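Q: Protein chains in written order, with this note's numbering: chain A, 1 to 304; chain B, 1 to 344.
A few of these clues could be false.
Straight-line Cα separation of at most 27 Å, DSS-like style, residue types lysine-lysine; simulated pairs [to be verified]:
id, chain 1, residue 1, chain 2, residue 2
1, B, 319, A, 247
2, A, 182, B, 307
3, A, 178, B, 307
In short, the hints are calculated from the structure, not lab data. Remember, it's a predicted structure, so these values are computed and weren't measured experimentally.
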Amino acid sequence: MLKRYFAAITILATLSQAKAEEWVVPADKAKKVSPFAFTPESKKAGEALYKANCMSCHGMPGKNNAIPLVPPPPDLAGTVAQSLEDGEFFYKITEGRGPMPSFKNSLSANDIWNIISYLRSFNDKYVQEVARKITREGITEGNIQILFKLIKENKQLQAEVMNTTAEGKKPIEGAAVKLFAKRYFGNLPIDEERETDASGMVAFDFPKDLPGDSTGMVHLSAKLVDEDAFGEVKSDTVFAIGAPTCKPALNEQRAMWNVVQKAPLWILFTYTIGVLTIWGIIFYILLQIRKIYILGKNKEILGE
Amino acid sequence: MSELINTTPTRDAGEGKQPVDRRDFLKKAGIVSAAGAVGAAAVYSGWNFQQKKPNHNMVTVRTPDNKLIEVPRDSIKTFKPILSELQKRGREGLKGKRWVMVIDLAKCRNARKCIQGCQTAHHLRPNQYHINTLTMQATENTPAYFMPKPCQHCDNPPCVSVCPVNATFKRQDGIVLIDNERCIGCRFCMAACPYSARIFNWEEPLQDNGYQEKIVAYEKALAAGDEATIDKLKYEVEYNVELNVPQKKGTVSKCLFSADRLREGKLPYCVSSCPNGVYWYGDQNEDSVTNGTTKETTRLTTLLEEKGAFQLMPELGTKPRVYYLPPKDRQFKFEDDRKPEGEA
Numbered sequence: 001m002l003k004r005y006f007a008a009i010t011i012l013a014t015l016s017q018a019k020a021e022e023w024v025v026p027a028d029k030a031k032k033v034s035p036f037a038f039t040p041e042s043k044k045a046g047e048a049l050y051k052a053n054c055m056s057c058h059g060m061p062g063k064n065n066a067i068p069l070v071p072p073p074p075d076l077a078g079t080v081a082q083s084l085e086d087g088e089f090f091y092k093i094t095e096g097r098g099p100m101p102s103f104k105n106s107l108s109a110n111d112i113w114n115i116i117s118y119l120r121s122f123n124d125k126y127v128q129e130v131a132r133k134i135t136r137e138g139i140t141e142g143n144i145q146i147l148f149k150l151i152k153e154n155k156q157l158q159a160e161v162m163n164t165t166a167e168g169k170k171p172i173e174g175a176a177v178k179l180f181a182k183r184y185f186g187n188l189p190i191d192e193e194r195e196t197d198a199s200g201m202v203a204f205d206f207p208k209d210l211p212g213d214s215t216g217m218v219h220l221s222a223k224l225v226d227e228d229a230f231g232e233v234k235s236d237t238v239f240a241i242g243a244p245t246c247k248p249a250l251n252e253q254r255a256m257w258n259v260v261q262k263a264p265l266w267i268l269f270t271y272t273i274g275v276l277t278i279w280g281i282i283f284y285i286l287l288q289i290r291k292i293y294i295l296g297k298n299k300e301i302l303g304e
Numbered sequence: 001m002s003e004l005i006n007t008t009p010t011r012d013a014g015e016g017k018q019p020v021d022r023r024d025f026l027k028k029a030g031i032v033s034a035a036g037a038v039g040a041a042a043v044y045s046g047w048n049f050q051q052k053k054p055n056h057n058m059v060t061v062r063t064p065d066n067k068l069i070e071v072p073r074d075s076i077k078t079f080k081p082i083l084s085e086l087q088k089r090g091r092e093g094l095k096g097k098r099w100v101m102v103i104d105l106a107k108c109r110n111a112r113k114c115i116q117g118c119q120t121a122h123h124l125r126p127n128q129y130h131i132n133t134l135t136m137q138a139t140e141n142t143p144a145y146f147m148p149k150p151c152q153h154c155d156n157p158p159c160v161s162v163c164p165v166n167a168t169f170k171r172q173d174g175i176v177l178i179d180n181e182r183c184i185g186c187r188f189c190m191a192a193c194p195y196s197a198r199i200f201n202w203e204e205p206l207q208d209n210g211y212q213e214k215i216v217a218y219e220k221a222l223a224a225g226d227e228a229t230i231d232k233l234k235y236e237v238e239y240n241v242e243l244n245v246p247q248k249k250g251t252v253s254k255c256l257f258s259a260d261r262l263r264e265g266k267l268p269y270c271v272s273s274c275p276n277g278v279y280w281y282g283d284q285n286e287d288s289v290t291n292g293t294t295k296e297t298t299r300l301t302t303l304l305e306e307k308g309a310f311q312l313m314p315e316l317g318t319k320p321r322v323y324y325l326p327p328k329d330r331q332f333k334f335e336d337d338r339k340p341e342g343e344a
């Protein structure tokens, strides 16, 4: 009896799962594991991040109080979510799909691992697998640098990825590089992600019409995509590669809505003429009254 | 030299009036200015004496927590309000910027987080909206969708044209603000706005408890002359035209594009509160907008072009700074389980 009951539950669970289109994580991404061991500190940091970024849809883990959306956001402490690999969790949070937003621009890898650490604290059976230190030939030691070069004629930006070790400088081949232009609220990706060639060089096409500041200066930032292999390698620079922007202030033109100094000329003109005319008439009348008064006085004198 | 002065002809000479020569004039002027200097010195030394004189007259003052205390008269300091400073920078705006907002209607599922973020920041009651999500449906057979509607921050703002006291104004970065210290509550602007973006403070504003505590702490610091605390709290307590806090009963209020946050390089309250990636916000001069949820940055022109953006009532010539992306390719079903306004 009990067996049949469990079978029914399992079938129901699979059916309801099948209803939502399967979200397959690429095998290599699913194998990714956290670079650090989960601790009470990481869990605490993850809890704060969860409340700020995830709770509004998923609700509190284990409370089953996700908001009723279609498809429903799963309870992340539930068995379905907890059956995911760490790498799958990581992939889904970074990439997002449909209504689930991508967090790759708003949360760092560490932040995401902290959130996973928090979610795993609801699973007693979970045993963490921590990444071994990944080593790759030639990059375990030394100082990796990205050097920029601007080719003005065709608005191309070259970056050279070099590793300086005790033996001297060596180019890094096959490293994926991303280039960004700094904007007021974030980093704008420029061109595609590109891999370095045998000489460590990579070239990016810069859009011809991207605005820079008033002199066309653009703050650029390049980074190596594979942080697991190279660590955090970033380089910033400024080039006069953008289109110079010197748009006038939006309250500069003369308009009805602007301040008195910038009122339309016809208003200033009509107003001034109007005021002058009215005061002119008043003064004219006063002048005439004065004339009458003087005439009267003269008459008095004449009369005497 | 002296001969030259003596021989200088005077204007009134020959008309029977007393001739005034330069020497006499200089003599008289010297006497007058010397007398003036002596007088000023006397007044100044008197004032100085008054300033330095220890005055132990006691004055009774009421503290913010309703206690009457006696303080020496000379320990009272004049408080110079920073109001003018906040209002000055609030009127100027940020140089070289042209703020722009893009609202993706395909993403809005009426989570109302933007509204909450906004109402908390600006001390609004739950029935007061600087931004509201409206349910839109043109005809019976066309699909319904949600439309968040903030102030459009028009480049040709009719509300600013009609303000009789220059309380509402447009800044160089495109934001239309209201100075509630100047607002007389005539509500001409509310009548002029075609987007019904403005609200009126009929009641005393709803201030969260934290704000009241800050005011108490600030006033205590003022009484004690605690400069460090004053500096820390002054911008949070004084009227900030870029936040329109504290709100004032009898004045108009509206969306401010979170001008105070932009100054700090942060996205507006509504934009960063949205869990669904509805809002893009940025600088048109940089041709870039950043999504409030995913923090992804993209080219503004490309986004508008690819998604077929539109604006509200462009035929009025108001030139709004808010763009809408049409509600197509929606990843959720439209569900409106809200009760009509007022029944909640």
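Q: Identify every previously stated hint that the structure contradicts and give their numbers, smallest first.
A: none
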